[in-house]
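Peer 1: One letter stands for each residue in the lines below.
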Amino acid sequence: DVKVTQSSRYLVKRTGEKVFLECVQDMDHENMFWYRQDPGLGLRLIYFSYDVKMKEKGDIPEGYSVSREKKERFSLILESASTNQTSMYLCASVTGGSGNTIYFGEGSWLTVV
Amino acid sequence: QKEVEQNSGPLSVPEGAIASLNCTYSDRGSQSFFWYRQYSGKSPELIMFIYSNGDKEDGRFTAQLNKASQYVSLLIRDSQPSDSATYLCAVKTSVIQGAQKLVFGQGTRLTINP
Numbered sequence: 001d002v003k004v005t006q007s008s009r010y011l012v013k014r015t016g017e018k019v020f021l022e023c024v025q026d027m028d029h030e031n032m033f034w035y036r037q038d039p040g041l042g043l044r045l046i047y048f049s050y051d052v053k054m055k056e057k058g059d060i061p062e063g064y065s066v067s068r069e070k071k072e073r074f075s076l077i078l079e080s081a082s083t084n085q086t087s088m089y090l091c092a093s094v095t096g097g098s099g100n101t102i103y104f105g106e107g108s109w110l111t112v113v
Numbered sequence: 001q002k003e004v005e006q007n008s009g010p011l012s013v014p015e016g017a018i019a020s021l022n023c024t025y026s027d028r029g030s031q032s033f034f035w036y037r038q039y040s041g042k043s044p045e046l047i048m049f050i051y052s053n054g055d056k057e058d059g060r061f062t063a064q065l066n067k068a069s070q071y072v073s074l075l076i077r078d079s080q081p082s083d084s085a086t087y088l089c090a091v092k093t094s095v096i097q098g099a100q101k102l103v104f105g106q107g108t109r110l111t112i113n114p
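Each protein sequence line maps, in turn, to chains A and B.
So for the first sequence, the numbering used here puts the first residue at 1; every next one is plus one.
So for the second sequence, the numbering used here puts the first residue at 1; every next one is plus one.
One chain only, chain B, in its complex shape (with noise of 0.2 Å):
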């Protein structure tokens, strides 16, 4: 099993509705969560993180996490044509003697049609 995994798509989405992206991992131990949008040759970019159960609003994004079903979500309301990219779920977990583990799921490659 792996420890992230995400659907990686493609996920196609009107402009204006509202995408949703899932990602589920497996260590019970993981202590906080990242969503990243990742375009063509560059190097990922953080929208936001969470470590609390529940929801945390930024803007137009929405990152929802429920330990107990270990499962992370990202919605984008009001989804643009720029928001077409690849988006990266990943984890955080301490490991031995206070080592940080930082592990990525495959990613989902969104698409936004005007």
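So that you can see chain A by itself, here it is in the shape it has in the complex (with noise of 0.2 Å):
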């Protein structure tokens, strides 16, 4: 049973073009995150939200703006894509309070050409 679905698996853009990287939560979840993932260097945090319309800053937000709209709802753009962009990005999300059951997506692996 699926809870966090990034619907786009595998993307190839060219430089310049705007992408979506959406993900969505069934579980009701508060806080939800995106990542990205580059060989030796972990995941490191892009953006959070935790609650609709809230977001804050994670580690690395150059380049990047995300979207809650709906609940279950967490987008990624990348306004103007860059070959430094490419990249597995990662989804996850967990409740609120003292939850410590966190979902990933399966990832989404974006090459930017």
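Hint data in this document are derived by calculation from the structure and do not stem from the laboratory.
Heads up, a few of these hints could be off.
What the hints assert, rightly or not - Have a look at the derived ranges for each label pair, beta carbon to beta carbon:
| hint | chain 1 | residue 1 | chain 2 | residue 2 | range |
| --- | --- | --- | --- | --- | --- |
| 1 | B | 56 | A | 86 | 34 to 40 Å |
| 2 | B | 22 | A | 71 | 34 to 40 Å |
| 3 | A | 16 | B | 29 | 37 to 43 Å |
Beta carbons are placed, not taken as given, at the ideal position from N, Cα and C, and that holds for glycine.
With the hints as a guide, dock the two chains, each given alone in a separate frame, to form the complex.
Peer 2: Spelled out as structure tokens, the structure:
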């Protein structure tokens, strides 16, 4: 049973294109996260959101924006894709309060050429 | 200073030995600490989490937390070749208005040699 869905698994985009990565969770979680993962660098936090329309910058927000219009959906936007944004992007969600069960999507592999 | 730091390895351990993985964190307000295992091309999978000082054991795995030293470790006993993976330490912290921030270390690549 899939709980966090990243609809785009593999994408190839051209430099300068606008890219949308979507993440949907069906567990009514307040907190959602976007990470990128590159070899040797672990998961680096791009943005996170703790409620509808609420967002906070993570460690590497430059070149990215996010949207959370509905509780279940958290979108990552690359306004003008660049080759250094080629990476694997991972979405996660967790309930609020003391909840400690974190659910991950399967990842979106983005190549910018 | 990075919020969560791990030795990136690679760490090589003989089969049957104990593998020891370490993680330090900078935010003293951090509340919950997680160890994830990640195989190449896959999403991370939870091994265990810990939020109280001391040890927490689950099968061959033991997590240790020392909040005074801001240190978390994972011990894997009787290491198996299937334990070969990248191990990620993650720290959850409450920020403004109850928001949860979840930060990962860079991961330690572990190889178990038969």
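Peer 1: Hint by hint, where does the structure go against what was stated? Just the numbers, ascending.
Peer 2: none
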